[in-house]
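A.B. asks: Given the structure of chain A, go ahead and fit chain B onto it with the hints provided.
Line order of the protein sequences matches chains A and B. End of the first sequence sits at 169 in the working numbering; the numbers just go up one at a time, nothing left out. End of the second sequence sits at 1169 in the working numbering; the numbers just go up one at a time, nothing left out.
One should not assume that every hint holds.
[Stated by the list, open to error] Covered stretches of chain B, going by a simulated chain A footprint (3 or more residues, C-beta under 8 Å):
| # | stretch |
| --- | --- |
| 1 | 1045–1052 |
| 2 | 1083–1097 |
| 3 | 1132–1141 |
[What the hints assert, rightly or not] Listed below are the simulated SDA-like cross-link pairs for lysine to any residue, each with C-alpha atoms no more than 25 Å apart in a straight line:
| # | chain 1 | residue 1 | chain 2 | residue 2 |
| --- | --- | --- | --- | --- |
| 4 | A | K69 | B | K1128 |
| 5 | A | K69 | A | T2 |
| 6 | A | K69 | B | K1089 |
| 7 | B | K1128 | A | V163 |
| 8 | B | K1027 | A | R156 |
| 9 | B | K1135 | A | S14 |
| 10 | B | K1089 | A | S14 |
| 11 | B | K1129 | A | K129 |
| 12 | A | K89 | B | D1026 |
| 13 | B | K1089 | B | D1120 |
| 14 | A | K89 | B | K1027 |
| 15 | A | K129 | B | E1169 |
| 16 | A | K72 | B | L1019 |
To be clear, the hints were calculated from the coordinates, so they are not data collected in a lab. All figures in this text were calculated on a predicted structure; none of them were measured in a lab. All C-beta atoms in this analysis are idealised placements derived from N, C-alpha and C, irrespective of residue type, glycine included.
There are 2 protein chains.
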Amino acid sequence: MTMDVIETIRNRRSIRRYLDRPVEDDKVEQILEAGRWAPSADNLQPWHFIVVRDGVMRQKLAQASGWGKFLKDSPVAIVVLGDPQRSSKYHLADPHNAVMNMILTAYSLGLGSCWVDVRDMSSEQEFKKLLHVPKSMRVICAVAIGYPAEERTGRRRPLSEIVSYETYE
Amino acid sequence: MTMDVIETIRNRRSIRRYLDRPVEDDKVEQILEAGRWAPSADNLQPWHFIVVRDGVMRQKLAQASGWGKFLKDSPVAIVVLGDPQRSSKYHLADPHNAVMNMILTAYSLGLGSCWVDVRDMSSEQEFKKLLHVPKSMRVICAVAIGYPAEERTGRRRPLSEIVSYETYE
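Chain A with its partners taken away, still in its complex shape (with noise of 0.2 Å):
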């Protein structure tokens, strides 16, 4: 038993800042394990995940990144691949069910994520060189992961301004 999924949703907030603790090898696999099970369009789960600690690795990521400098900080990050081989249409949209899914698990772990999106072209191009990724493969963001060091709070869009019935207005 972990967490309700209702508060899971409700309370999960992005972590830029990270304790230096390393993440136990068993809450990376039931991260991954929640990947995993994301649903995707025909079951054809077009993704790939790359588990990186090392820190020479994750500070180059970070650069490599832009703005996620913080992946030079979290003591995992997971790259999240799509693949047009399994999926031509749906392998930049579906691994993003994964990562929710990911970042969702971490939270209920105690631990804290953030979503770090690398398809800006120079960034992807990077990432594939230093991570040996395959040419037809495209990366699709990085998920940052560690014990959190800082606690945020979240403004959302009340439900009247982003809900219809029926129709759209």
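C.D. replies: The following block gives chain B in isolation, referenced to the frame of chain A:
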């Protein structure tokens, strides 16, 4: 208290057959709340949700969606829009985070759901016309929601096939 997040992620399946039983308003609201709290780039929240219960409209959406015929049978359809005026770069990607939160929450409340992509151009145009969606918005998908009339098992690729450590190989 509804359900453990890891259990939810592990056991949720896509459901395409529904009982002829209405979905309570407060459950629909909890699902919308879960969508509302999704993360988005720069917290721009470029999404809008249209809750459709009307049976005639659901039949029209089912037809317009192509393969999402079961939208006519699910008592609720939530149509998810992306707003390029809020986020020019992530209006197609970020609404997926909201959908993932919504389908997990639906499952935790005893409901089944299925994600129906409608980004095919002719489906999207038909949805926009039917639901009076402004020209500037994009239709991402419809989420069918109802009490499940089927049980489904899931298959996923093993972790050994989708995970690498430190580099792709």
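A.B. asks: The structure should be examined with respect to each hint, and the outcome stated for every one.
C.D. replies: Evaluated hints:
1. Taking a C-beta to C-beta cut-off of 8 Å, the stretch 1045–1052 of chain B contributes 7 residues in contact with chain A, enough for the three needed, and the coverage statement holds.
2. Coverage of the stretch 1083–1097 of chain B by chain A holds in this model, with 5 residues showing a Cβ closer than 8 Å to a Cβ of that chain against a need of three.
3. Against chain A, the stretch 1132–1141 of chain B contributes 4 residues with a C-beta closer than 8 Å to a partner C-beta. That satisfies the three-residue criterion, and the hint holds.
4. Proximity of A/K69 to B/K1128 is assessed by CA-CA distance (about 40 Å); at most 25 Å being required, the pair is judged violated.
5. For the suggested pair A/K69 and A/T2, the alpha carbons sit about 30 Å apart, so the restraint of at most 25 Å is broken.
6. A hinted pair counts as satisfied when its Cα atoms are at most 25 Å apart, and A/K69 with B/K1089 qualifies at roughly 20 Å.
7. As the CA atoms of B/K1128 and A/V163 are separated by approximately 16 Å, the hinted pair is consistent with the 25 Å bound.
8. Between B/K1027 and A/R156, the direct Cα distance comes to roughly 20 Å. Compliance with the 25 Å bound is thereby established for this hinted pair.
9. Restraint check for B/K1135 and A/S14: the C-alpha separation of about 32 Å exceeds 25 Å, so the hint is violated.
10. Taken as a hint, the B/K1089 and A/S14 pair is honoured in the structure, with Cα atoms around 19 Å apart against an allowance of 25 Å.
11. Distance restraint check for B/K1129 and A/K129: the Cα-Cα separation of roughly 45 Å exceeds the 25 Å cut-off, and the hinted pair is therefore not satisfied.
12. Restraint check for A/K89 and B/D1026: not satisfied, since their Cα atoms lie roughly 35 Å apart, outside the 25 Å limit.
13. Restraint check for B/K1089 and B/D1120: satisfied, since their Cα atoms lie roughly 19 Å apart, inside the 25 Å limit.
14. Simply put, A/K89 and B/K1027 have alpha-carbon atoms about 32 Å apart, too far for the 25 Å limit, and the pair is violated.
15. A distance of roughly 12 Å separates the Cα atoms of A/K129 and B/E1169; the hinted pair therefore holds under the 25 Å criterion.
16. Only pairs whose Cα atoms come within 25 Å are accepted, and A/K72 paired with B/L1019 is rejected, the gap being roughly 50 Å.
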